[in-house]
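Start from the sequences, fold in the hints, and give me the full structure.
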Amino acid sequence: MQIYLPIAEMSVNLFFLVGIGGAVGFLSGLFGVGGGFLLTPLLIFSGVPASVAVASVTGQVVAASTSGALTYYKRGQIDLHLAMYLVLAGILGAFGGVAAFSKLRAAGQLDLIISIGFLVLLGFVGTVMLIESARAILKRRSGVVSRERLPNQHNWMHGLPLRVRFKRSKLYISVLPVLVIGLTIGFLGSVLGIGGGFVMVPALVYLLRVPGNMVIGTSLMQVVVMMAATTMLHAVQSQSVDIVLAFCLMVGGVMGAQFGAAAGKQLRGEQLRGLLALLVLAVAIRFGLSLVLTPGDIFSMAVAGTGGVN
Amino acid sequence: MTWSRVVLMAGLALTAFCAPVRAETVVSELSTESVEITSSFSGERLSFFGSIGPDADADVSSLNGPYHVIIVVIGPTTDRVAREKTHNFGVWLNTEEVRFAHFPTYYQVLTSGRLNDIASPSTQAVENFDPAGQARPNAEAGWWKSALFGRELTRLMTEQGLFGLNEGAVKFLSPTVYTSRLTLPAAAPPGRYLARTYVLKDGVTVARNTEGFTVRKIGFERFLAIQARQQPLLYGLVSVLLGLLTGWLGGVLFKRN
Chain A
0 MQIYLPIAEM SVNLFFLVGI GGAVGFLSGL FGVGGGFLLT PLLIFSGVPA SVAVASVTGQ
60 VVAASTSGAL TYYKRGQIDL HLAMYLVLAG ILGAFGGVAA FSKLRAAGQL DLIISIGFLV
120 LLGFVGTVML IESARAILKR RSGVVSRERL PNQHNWMHGL PLRVRFKRSK LYISVLPVLV
180 IGLTIGFLGS VLGIGGGFVM VPALVYLLRV PGNMVIGTSL MQVVVMMAAT TMLHAVQSQS
240 VDIVLAFCLM VGGVMGAQFG AAAGKQLRGE QLRGLLALLV LAVAIRFGLS LVLTPGDIFS
300 MAVAGTGGVN
Chain B
0 MTWSRVVLMA GLALTAFCAP VRAETVVSEL STESVEITSS FSGERLSFFG SIGPDADADV
60 SSLNGPYHVI IVVIGPTTDR VAREKTHNFG VWLNTEEVRF AHFPTYYQVL TSGRLNDIAS
120 PSTQAVENFD PAGQARPNAE AGWWKSALFG RELTRLMTEQ GLFGLNEGAV KFLSPTVYTS
180 RLTLPAAAPP GRYLARTYVL KDGVTVARNT EGFTVRKIGF ERFLAIQARQ QPLLYGLVSV
240 LLGLLTGWLG GVLFKRN
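For the protein sequence lines, the chains are A and B, in the order given. First residue of the first sequence: 0, per numbering that gives the first Met the number 0; consecutive thereafter. First residue of the second sequence: 0, per numbering that gives the first Met the number 0; consecutive thereafter.
It is possible that part of the hints are untrue.
[Stated by the list, open to error] With a straight-line cut-off of 25 Å between C-alpha atoms, the simulated SDA-like cross-links for lysine to any residue are:
#1 A:K102 - A:I297
#2 B:K84 - A:A106
#3 A:K102 - B:F88
#4 A:K102 - B:Q226
#5 A:K73 - B:N87
#6 A:K138 - A:Q270
#7 A:K102 - B:N87
#8 A:K73 - A:M83
#9 B:K170 - B:T122
#10 B:K84 - A:L111
#11 A:K138 - A:G268
#12 B:K84 - A:T293
#13 A:K264 - A:N212
#14 B:K170 - B:S50
Because the hints were derived from the structure by calculation, they are not lab data. Everything numeric in this text was worked out from a predicted model, so none of it was measured.
See below:
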């Protein structure tokens with residue numbers, strides 16, 4: 000059954016959209032990530048214009064993260080104070096990101112930057128995660144009991160000026176690294192159409208030393224608010240949010256996420272992280288190949304002005 | 000009768016005498032005046048009908064063919080850029096681009112025979128039937144680059160089914176009545192379309208006619224597309240609320256199970 004996407008101005012199979020939404024939702028429920036980093040590339044590879052894919056997926060990520068964020072909120076596992084700082088910096092970053100997005104699209108370099116961005120970001124995060132999980136799995140095999148990282152261990156970043164106390168996370172640290180993390184993820188999220196959960200979680204754990212019970216909830220909260228703001232910015236500035244596309248993905252994603260979360264209980268943490276790392280690396284390699292391999296067609300075209308609406 | 004009137008009449012008679020005999024006229028009809036894009040839009044089939052008849056002051060005996068028909072269907076124009084990737088430092092980048100102003104978004108030519116057989120070179124030069132001729136040279140890029148990128152742009156449009164030359168697509172039912180069909184693809188951009196009909200004899204255009212039709216989004220799709228442009232803030236807000244609601248509802252629904 001074909002469905003017409005009014006902003007992308009193309010017909011796509013409805014089951015295909017709900018299907019990839021569901022598949023990515025399953026994975027996002029399984030691994031506890033938003034899934035934007037998989038969904039945006041999938042849409043681009045299946046012919047949706049990159050600009051529409053990025054802008055619409057931001058809307059989908061809002062839906063994918065909302066139910067999780069609510070659950071963590073009820074359990075009191077969100078550091079709202081910390082999330083507020085991350086979000087404020089993130090919105091600033093998103094303004095920059097959306098402006099850069101429009102400029103790059105006009106200059107014909109958007110696809111290139113999206114490819115490079117995904118390659119670098121996913122390649123880096125995937126490699127780090129793979130090494131970390133492989134180590135954890137090997138340790139468990141050899142029977143060594145690994146000591147949990149102490150959450151209050153400080154590193155040099157915490158000594159920077161402008162210290163703020165985050166009561167929930169039991170942290171008294173400089174806001175500068177918090178703001179830099181928020182800004183960077185806001186910028187990347189709006190250019191690449193990803194929530195950034197898979198960057199935010201390691202950043203909170205390893206850089207800020209946020210306690211484990213606060214990490215996921217705070218990250219989800221930040222993703223929901225950031226992606227909501229980014230969707231608004233894309234709607235206003237690039238006008239490429241396709242609400243029909245976003246809704247189809249949402250419906251599939253929300254359903255898939257529930258099954259994924261149930262399946263996730265069958266696997267151990269480091270196994271999950273290892274699988275996620277492989278998945279992330281596969282997407283990175285796919286982008287890397289598209290940059291390096293000789294393209295099937297060295298010519299491409301794009302509409303320069305804005306088309307009519309009739 | 001005043002003198003001026005006499006001069007006018009004489010003038011008219013003279014022009015009628017000197018001008019080549021234009022005895023033909025064409026009456027054409029399109030199967031639809033508006034193609035409506037709904038949520039299940041997957042293209043639409045258009046039919047063309049036409050009849051070549053004698054002009055108002057000529058009689059039927061002046062119709063001696065054989066006639067040929069060319070129908071050109073042109074979509075709304077936009078500015079379009081063609082880009083070329085080159086290999087730099089191991090990476091393929093878009094480095095060159097040429098912008099083509101007022102480039103049709105859709106251009107299909109239907110003919111009753113091979114274009115070069117039915118239209119003389121001079122007619123083709125004047126009427127510019129060929130899809131490849133639609134990219135106007137860009138002064139900034141220069142003639143050579145414009146021609147190269149224009150050809151590639153035409154090829155890309157042809158591969159998407161938006162451009163094409165369909166030789167032999169017009170069929171004659173009798174020496175003066177023809178019909179043709181064209182399937183408008185799902186990717187046909189919305190807007191005002193023109194269907195230009197040319198009747199040719201001995202390689203020269205003897206009659207022509209133009210009709211218009213509209214491809215437009217209707218109902219909910221049209222509403223959404225308009226809101227996205229005219230009320231972007233509201234549209235964004237609704238998108239976000241939809242996301243929040245769907246996420247919340249999903250969580251609630253599946254928890255109960």
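Do the hints match the structure? See the list:
no.: 1; hint: A:K102 - A:I297; verdict: holds (22 Å)
no.: 2; hint: B:K84 - A:A106; verdict: holds (13 Å)
no.: 3; hint: A:K102 - B:F88; verdict: holds (24 Å)
no.: 4; hint: A:K102 - B:Q226; verdict: holds (23 Å)
no.: 5; hint: A:K73 - B:N87; verdict: violated (53 Å)
no.: 6; hint: A:K138 - A:Q270; verdict: holds (13 Å)
no.: 7; hint: A:K102 - B:N87; verdict: holds (22 Å)
no.: 8; hint: A:K73 - A:M83; verdict: holds (18 Å)
no.: 9; hint: B:K170 - B:T122; verdict: holds (21 Å)
no.: 10; hint: B:K84 - A:L111; verdict: holds (10 Å)
no.: 11; hint: A:K138 - A:G268; verdict: holds (13 Å)
no.: 12; hint: B:K84 - A:T293; verdict: holds (10 Å)
no.: 13; hint: A:K264 - A:N212; verdict: holds (17 Å)
no.: 14; hint: B:K170 - B:S50; verdict: holds (12 Å)
Going down the numbered hints, you'll see the structure goes against just number 5.
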